[in-house]
Amino acid sequence: MFTKLHTPKGTRDYLPEEVERYRYIEKELRENFKLWGYQEVRSPTIEFVEALSTGVGSELVDTMFKFQDYDGKILALRAEMTAPVARIVTTRMTSTPEPIRLFYLSNVFRYSQSYVERGREFWQAGVELIGCNTSEADGEILSLLISSLRKVGLKEVRVDVGHASLLKDLLKATGLDEEKKGILQNLLAYRDETRLEKFMDQNNFPSEVREAFLQLSCCRRLDEVSSISLNSSEYEKANDHLRNLLEVEDILADYNIEDFVFFDFSLTRKIEYYTGMVFEASVPNLGLPLGGGGRYDDFIEKFAKLKLPATGFALEIEKCLQALTTQGFQIPEKTKTKILVSSKSRNAAIRAVNVLRDAGFVALLDITKNDEEKIMDYGKLAGMDYVVFVGSSLKKPATIYDVGSNISRNIGIETFLQSIGGQS
Amino acid sequence: MKRKIRIAIPNKGRLKQPSIQVLQRAGVNILEEERAYISKTSDPRFEAIFARAFDIPIYVHYGAVDLGITGHDLILEREADVHELLDLEFGKCQLVVAVPENSKINSINDVPAVARVATEYPNLSRKYFEGLGKQVEILGVRGTSELAPKLGLAQIIVDISSSGETLRKNNLEVIATILDSTCRLACNKIAYRTFENEINEFLGRLRQGGLK
Numbered sequence: 001m002f003t004k005l006h007t008p009k010g011t012r013d014y015l016p017e018e019v020e021r022y023r024y025i026e027k028e029l030r031e032n033f034k035l036w037g038y039q040e041v042r043s044p045t046i047e048f049v050e051a052l053s054t055g056v057g058s059e060l061v062d063t064m065f066k067f068q069d070y071d072g073k074i075l076a077l078r079a080e081m082t083a084p085v086a087r088i089v090t091t092r093m094t095s096t097p098e099p100i101r102l103f104y105l106s107n108v109f110r111y112s113q114s115y116v117e118r119g120r121e122f123w124q125a126g127v128e129l130i131g132c133n134t135s136e137a138d139g140e141i142l143s144l145l146i147s148s149l150r151k152v153g154l155k156e157v158r159v160d161v162g163h164a165s166l167l168k169d170l171l172k173a174t175g176l177d178e179e180k181k182g183i184l185q186n187l188l189a190y191r192d193e194t195r196l197e198k199f200m201d202q203n204n205f206p207s208e209v210r211e212a213f214l215q216l217s218c219c220r221r222l223d224e225v226s227s228i229s230l231n232s233s234e235y236e237k238a239n240d241h242l243r244n245l246l247e248v249e250d251i252l253a254d255y256n257i258e259d260f261v262f263f264d265f266s267l268t269r270k271i272e273y274y275t276g277m278v279f280e281a282s283v284p285n286l287g288l289p290l291g292g293g294g295r296y297d298d299f300i301e302k303f304a305k306l307k308l309p310a311t312g313f314a315l316e317i318e319k320c321l322q323a324l325t326t327q328g329f330q331i332p333e334k335t336k337t338k339i340l341v342s343s344k345s346r347n348a349a350i351r352a353v354n355v356l357r358d359a360g361f362v363a364l365l366d367i368t369k370n371d372e373e374k375i376m377d378y379g380k381l382a383g384m385d386y387v388v389f390v391g392s393s394l395k396k397p398a399t400i401y402d403v404g405s406n407i408s409r410n411i412g413i414e415t416f417l418q419s420i421g422g423q424s
Numbered sequence: 001m002k003r004k005i006r007i008a009i010p011n012k013g014r015l016k017q018p019s020i021q022v023l024q025r026a027g028v029n030i031l032e033e034e035r036a037y038i039s040k041t042s043d044p045r046f047e048a049i050f051a052r053a054f055d056i057p058i059y060v061h062y063g064a065v066d067l068g069i070t071g072h073d074l075i076l077e078r079e080a081d082v083h084e085l086l087d088l089e090f091g092k093c094q095l096v097v098a099v100p101e102n103s104k105i106n107s108i109n110d111v112p113a114v115a116r117v118a119t120e121y122p123n124l125s126r127k128y129f130e131g132l133g134k135q136v137e138i139l140g141v142r143g144t145s146e147l148a149p150k151l152g153l154a155q156i157i158v159d160i161s162s163s164g165e166t167l168r169k170n171n172l173e174v175i176a177t178i179l180d181s182t183c184r185l186a187c188n189k190i191a192y193r194t195f196e197n198e199i200n201e202f203l204g205r206l207r208q209g210g211l212k
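Just so you know, the sequences run in chain order Z and A. So for the first sequence, the numbering used here puts the first residue at 1; every next one is plus one. So for the second sequence, the numbering used here puts the first residue at 1; every next one is plus one.
Check before you lean on any hint, since a few could be wrong.
[Said to hold, decoys possible] Chain Z side only, calculated, beta carbon under 7 Å to chain A, not exhaustive:
hint, residue
1, Y190
2, D192
3, R195
4, K198
5, S282
6, P284
7, G287
[Claimed, not checked] Listed next, the stretches of chain A that the computed footprint assigns to chain Z, with coverage defined by at least 3 CB atoms under 8 Å from CB atoms of chain Z:
hint, region
8, 61-70
9, 74-86
10, 188-202
[To be verified] Within a straight-line C-alpha distance of at most 27 Å, the following computed DSS-like cross-link-like pairs (lysine-lysine) qualify:
hint, chain 1, residue 1, chain 2, residue 2
11, A, K92, A, K12
12, A, K127, Z, K168
13, Z, K9, A, K2
14, A, K104, A, K127
15, A, K134, Z, K66
16, A, K92, Z, K181
17, A, K92, Z, K198
18, Z, K380, Z, K336
19, A, K92, Z, K319
20, Z, K180, A, K92
21, Z, K34, Z, K380
22, Z, K319, Z, K237
23, Z, K180, A, K127
24, Z, K151, A, K2
25, Z, K155, A, K2
26, A, K92, Z, K155
These are calculated hints, taken from the structure and not from any lab test. Built from N, CA and C at the ideal position, the CB exists for glycine as well.
Here chain A stands alone, though its shape is the one from the complex:
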């Protein structure tokens, strides 16, 4: 008998509930307490793994899980070579470059020769600024990069923004958009070969009822 298909789901944050709902609408209910890292589901072929959205691309890339729900932005940031079988259409956000409202930097062209950028996305930020020929210093931070300009840690931040509210609250304004992102159903490339029938059947259910 084939082993169970493992699907990773964000264990917290804005992607968690919509992910669980999408699975429910596709007929896969999570049966166990969320505290458990590995949960049984109502579909005996699937088991759910709760993990950080940021780590899910890596889990999928290496095949530690077969499927994973996570942001397109995170898949790119973690350089995961995976199939993105379906755009789940929730978790819409943009990866943006932002500066304090009172900053002298008003556009990406104003970014000075020497500048520090605080971000949770060091890889994508480095690629973006290198592409523009800007030599900036990238500071990798975990969460609350909005704080960095206030403390003088960095003049610029690169962060995701969905409604723009957090940025506004922190008196930051967007000067450029690096990419648009939504949540995706990522799939390990070899797992897709092994479980193609099961995964395609699951995809069919997602397309029919799973997406709003």
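In isolation and in its complexed conformation, chain Z is listed as follows:
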């Protein structure tokens, strides 16, 4: 039966315990992004569909929730954050010196037409490094990605790197028509080497390109691409991309993380704007990637006549949480002592909670006016550590009920504070 009290499909509520875990991940990520000099931005949840669709490709535009504004303009919920950040940079931060380092923690929305039910609201944490096209920028982004996931507490993190333009330029060099290029790209993504070879033979691939495709499919480390030789001048661009990957490998070695980064020629990120290195982060035993990103050097100029090369990544917070859970990670709980305060004298009770809060404890004021027994029951059920009944003045001894040991004793508030380690 339809009831409005359900949330729409693909959306859900987050109860306190879960929000705590989300906040933990967000906090760790935010702190780490800031340590690397990235600054947080926010953008509106709704924007003009034209702004959100600039350069992202029709596939993503199809997944946007769109609706009409009162004046007839078409709006959409953001489906990703790179376009909003590009808009911000080109319209609001034109005098900011480059490179610009930005990050965000946002929810994004994607509508799925398929009957395959998937989530429609996701929380993402991401960074964009704008205005720099060096391999050092690529290295920084990979290194920031790995350090952030480790900071969250994830183990066995690995990042697999591909190259959007290397693939595009090699596909171009094959001289195949669009349909056959599509087939070839699928075979690469399938990692079906038998059929890949057959396909290349049937289509009379130049031996140099044939070798390159097969070797690239086998390369697992970035430095292994050094074995690929494409000599004729038509592969000049492809060679540049290979050099870029080798440079990145060197930089990763300086960061001491080269053992966690792998090459995966079959990796193709679905969003159209990528022009360079693309990558995905994962951990074993979680079947879906935690997030990913890549270089997008031609994207920002679609917003303004500004050639701004850029790179970045986005992590799905829910996936990080799932990964932590499968790895058995216990999120460090900040177990602050929780105290419920009740008194016949409201004035004394309010002064007591203030003293307790000042000392760094979680203090709740009883507002029910129930009898003592009911208040103690509530304290037990609501997870309090102590229930404190204060008299008409804080100077008088209070009755301290210790929920854990089920023992009550009469002591002054100061003594109580000292006994639980607070400074007054």
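Dock chain A against the given chain Z, drawing on the hints supplied.
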């Protein structure tokens, strides 16, 4: 120690026996009663999971299993983003558009503006007819879509056909082919990274002895 590699196998239908045989020829024998959903195999690194062929793409996509034997048509229908490491070459079939022999529809161009299509493949059917600019109503049914035209439920069906016999028996004729399919060895993309050596070694055995 690494956990076992899970491989999903169709639990019934025309893909089941050939799948088991392919594994046997690659040296992985299923040791337990098929009733069990999870079976040990003669290779201690692998365990077999019996599941519906239609669901296997989803299992693989989410990494609930590492490998799965299922049809290419089903991988596309379920929109599973997986590696298809090997074409196992059995389970050859086509996804076709069919109509009753006495229908006025003789080709895909004759499909009227208002038409109902019964199919077990709603996703691929919708994409196909949208690609042709045809606004048809897609009715998702489970099995026996051949029945739909007889009962007047739909004028058109989209279904798989291997020999064409079932269609002929039901006086249906093919007016278009949407895609050709065979059985594939699907692999979760992250599992491939985790178990690359084991999976490649298994692939080698499949290529050598597993395929006829």
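Hints versus structure:
no., hint, result
1, Y190, "4 Å, holds"
2, D192, "6 Å, holds"
3, R195, "6 Å, holds"
4, K198, "9 Å, violated"
5, S282, "5 Å, holds"
6, P284, "4 Å, holds"
7, G287, "1 Å, holds"
8, 61-70, "holds (count 4)"
9, 74-86, "holds (count 6)"
10, 188-202, "holds (count 8)"
11, A:K92 / A:K12, "16 Å, holds"
12, A:K127 / Z:K168, "26 Å, holds"
13, Z:K9 / A:K2, "37 Å, violated"
14, A:K104 / A:K127, "24 Å, holds"
15, A:K134 / Z:K66, "24 Å, holds"
16, A:K92 / Z:K181, "24 Å, holds"
17, A:K92 / Z:K198, "18 Å, holds"
18, Z:K380 / Z:K336, "16 Å, holds"
19, A:K92 / Z:K319, "37 Å, violated"
20, Z:K180 / A:K92, "22 Å, holds"
21, Z:K34 / Z:K380, "40 Å, violated"
22, Z:K319 / Z:K237, "36 Å, violated"
23, Z:K180 / A:K127, "20 Å, holds"
24, Z:K151 / A:K2, "25 Å, holds"
25, Z:K155 / A:K2, "15 Å, holds"
26, A:K92 / Z:K155, "43 Å, violated"
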